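Now for the letters of each chain:
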Amino acid sequence: MNDIPHAVVADSLIKQFGRFAALRGVSGEFSTRKLYVIVGENGAGKTTLLRIMAGLSHPTRGMVSVLGNRNVKEVRAHIGYMAHPSLLYDEMTGMENLGYFAGLYGIQQASNSAATCREVIASVNLDPDLDRRVGQYSQGMRQRMSLARALLNDPKLLLLDEPFSNVDSRSAKEMAGLLGQLRNGGKTIFVVTHQPALLAEVADEFVWMEAGKIVKRNSSLEASPQ
Amino acid sequence: MRFFAITRATLAKDVRLEWRSKDAINAMLFFSLLVVVIFSFAFDPTAEESRRIAGGLVWVAFLFAAIVALNQTWARELRNQVLDAYRVSPAPANPLFLAKAFGNFIFVSVLEALMTPLFIVFYKLRALGSAWELLPIAVLGTWALVVNGTFFAAMSLRTRSREIMLPLLLFPLSIPALLGMVNATTAILTGEESARFWIALLVAYDVVFTVACLLLFEVVLEAE
Numbered sequence: 000m001n002d003i004p005h006a007v008v009a010d011s012l013i014k015q016f017g018r019f020a021a022l023r024g025v026s027g028e029f030s031t032r033k034l035y036v037i038v039g040e041n042g043a044g045k046t047t048l049l050r051i052m053a054g055l056s057h058p059t060r061g062m063v064s065v066l067g068n069r070n071v072k073e074v075r076a077h078i079g080y081m082a083h084p085s086l087l088y089d090e091m092t093g094m095e096n097l098g099y100f101a102g103l104y105g106i107q108q109a110s111n112s113a114a115t116c117r118e119v120i121a122s123v124n125l126d127p128d129l130d131r132r133v134g135q136y137s138q139g140m141r142q143r144m145s146l147a148r149a150l151l152n153d154p155k156l157l158l159l160d161e162p163f164s165n166v167d168s169r170s171a172k173e174m175a176g177l178l179g180q181l182r183n184g185g186k187t188i189f190v191v192t193h194q195p196a197l198l199a200e201v202a203d204e205f206v207w208m209e210a211g212k213i214v215k216r217n218s219s220l221e222a223s224p225q
Numbered sequence: 000m001r002f003f004a005i006t007r008a009t010l011a012k013d014v015r016l017e018w019r020s021k022d023a024i025n026a027m028l029f030f031s032l033l034v035v036v037i038f039s040f041a042f043d044p045t046a047e048e049s050r051r052i053a054g055g056l057v058w059v060a061f062l063f064a065a066i067v068a069l070n071q072t073w074a075r076e077l078r079n080q081v082l083d084a085y086r087v088s089p090a091p092a093n094p095l096f097l098a099k100a101f102g103n104f105i106f107v108s109v110l111e112a113l114m115t116p117l118f119i120v121f122y123k124l125r126a127l128g129s130a131w132e133l134l135p136i137a138v139l140g141t142w143a144l145v146v147n148g149t150f151f152a153a154m155s156l157r158t159r160s161r162e163i164m165l166p167l168l169l170f171p172l173s174i175p176a177l178l179g180m181v182n183a184t185t186a187i188l189t190g191e192e193s194a195r196f197w198i199a200l201l202v203a204y205d206v207v208f209t210v211a212c213l214l215l216f217e218v219v220l221e222a223e
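Same order as they appear, the protein sequences are chains V and B. Letter by letter, the first sequence follows residues 0 to 225 in numbering that gives the first Met the number 0. Letter by letter, the second sequence follows residues 0 to 223 in numbering that gives the first Met the number 0.
Hints listed in this document are in silico derivations from the structure and should not be mistaken for laboratory results. Please read these numbers as outputs of a predicted model, since none were measured by experiment. All clues given are correct.
Some, not all, of what chain V presents toward chain B, calculated at C-beta under 7 Å: (1) Arg-75; (2) Ala-76; (3) Tyr-80; (4) Pro-84; (5) Ser-85; (6) Leu-87; (7) Glu-90; (8) Tyr-99; (9) Gly-102; (10) Tyr-104.
A virtual CB, placed ideally from N, CA and C, is assigned to each residue, including glycine.
Only chain B is shown next, with the shape it has when bound in the complex (with noise of 0.2 Å):
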């Protein structure tokens, strides 16, 4: 029960930082907002051209964008050393780690939502496939993003140039769950074959990644 009380509060104290500086969610809506308008000029597809490549484009967009809010979670638990207050209470190491997941995943939902549109009006697209298919894919991918993107934020919390050290840690580990949110995403779009297989390539990835997340977390928290 404490458990969720505390995830809860977390959840909500961070959702209230952010909506009051709102450091994570401008930066990354201006990153994405300048790769959609530099590849939409830089390539000019034809509509067949575009759902071939948009699926890649827009994944690209969306984790380069959220390294952005990864960094800037546990950067805001640095200022004033705030993480020590949460490390010297009785309070489990999970919880704060689950809030911090959920967090930057309504975080990164919010630039999906925003960002979605204006792809599909740039890049001319239309879905062939069953779009509804788009939505758990869109779920599992973000999910997949950052569970191990919370993670490691956490992991090079305490290194000199953090802010490199995530995507070299983050990224090599997010190719099967790139792989996977890309080609189902093509597959919906060009309607040429089913997407279930990559979705079930993405529930297993969320899958493992939270449990190995879950169970190594305390120990990253703990480390001097």
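This is chain V alone, in the form it adopts within the complex (with noise of 0.2 Å):
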């Protein structure tokens, strides 16, 4: 898997919800160690695009490769995934909430676990002995907190919807340059965002959606589509 020169291929992808087609024939090659940024207004396409990378929805026509697999399920254990909501219980804490997800992957052993979960937890910027549960959270926090449930299975691929939605601009760069790390330390990036412009510093490549086609590929943010 450490190999392959694309981390994603898609294939004509067309994704119809009844009459709706939200993908209407995406098609590209996305190589590995890179960040990817998608960029398009509200209906594009971006987070149906996401969640197919991810797993979470079957195109209905087309074939997209994940990792050099055409069944998605078979990398799941490789893919981070951070949605738009959180996708964390409210009613527990930080350390909680990571150690039960750190179980659905495999890191079975409590003190492996804690020890992971305390340093992706710290990897964000939030402190780890945080006892307060999730939903006393700034959104801020909620934010990062589920930027570390994402990061916990030290993902080859991972897909980022939103990350910087109501995110105050400090802790926002601060993400932003914990992505470059990562990009840098071999992980394959995607991320959809209204703000694209936090990522110009460390994004490969943006790609702009319109109408649930891919209309440009660009490595600068200045050449955005007509």
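Hey, can you piece these two chains together into the complex? The hints should help.
See below:
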């Protein structure tokens, strides 16, 4: 899996919800160890594309290969996914949440699990000893804890949907820097965002989507589509 | 090995969440208490009549009350879309189902343990048959309610009116189990006949539906 040239290959992906086509033939190859920023208006199909890459949604037609495998289920252990909602239990603390999810990824042994959880929580600049339930976190803290959950399994492919929403600008810049470090560490990262400028310094490629299609790919943010 | 570890961890997490919120238990207790009190005022039966109707009354009350817990089980996973975090992980589907079913079994059993003494007092109940047989009936009957209930609650998760959908799907399929529970309980309370046939029916029902739910749950979980 380490030698595959493309982390994601999409071929004529179509996704329909009833009569509405969220994706209308998305094709493209996305290399490993790169940070891609997916940009577009609401309803452009960004989240749908990300969910298909995560294996949470299945294309109506077309094919997607993730980490060299057409069956996304088989590579789930190597995918980290952060959605717009937090994917965390509000009634549990950050450590309790991550402890539970660590078990799902087979990080079983109690000492290993706790050490891994503390490490990823610290990596997003949160205090692992914070004895407060996630429901009492600020929106920014919740976003960072959600990122920590996505990083828990040390994924090769990281899929982030709006990671900067409701995060203050300083924290957003810190998160962007962290994403750059993770990419430098060998991860492939896809970020769906309405704030692409935050990632201008660390992104390898910007991908513009419009009405369910990829309309442009470029290494700089300036060259936005017509 | 990992299968059981995930089941245990998910069950522990659900019990912890319920202990902190008490959403399901409080609603179930309140509902059952209302049923006991209202029916005792409405009927005022003699001890003999009580023995004949109590089986039906008790199990129908538990069935309706269980719906509250069953809906709550998955509603918890929908908040913040936490279910997606499970789906995106490499964990198999069935530990999630089993943990939810065991969790509901515990919650409904706690309800039964708290409400049974009240039923006995309000309806002046005394078993004329072998009372110990009520225990396997309670275990088998409760499992029959929660195993299908957990499955259909998951199925109705993405429907618009899932609170209505769950009873619509669950009640018709629960009729054989309900017959078994009610008749077995009545047989023991009245002491007129053996409950063995109804207990065997409950065992068969539980085995068939547990296997069917385990075979089909992955499809339900992966459905969009």
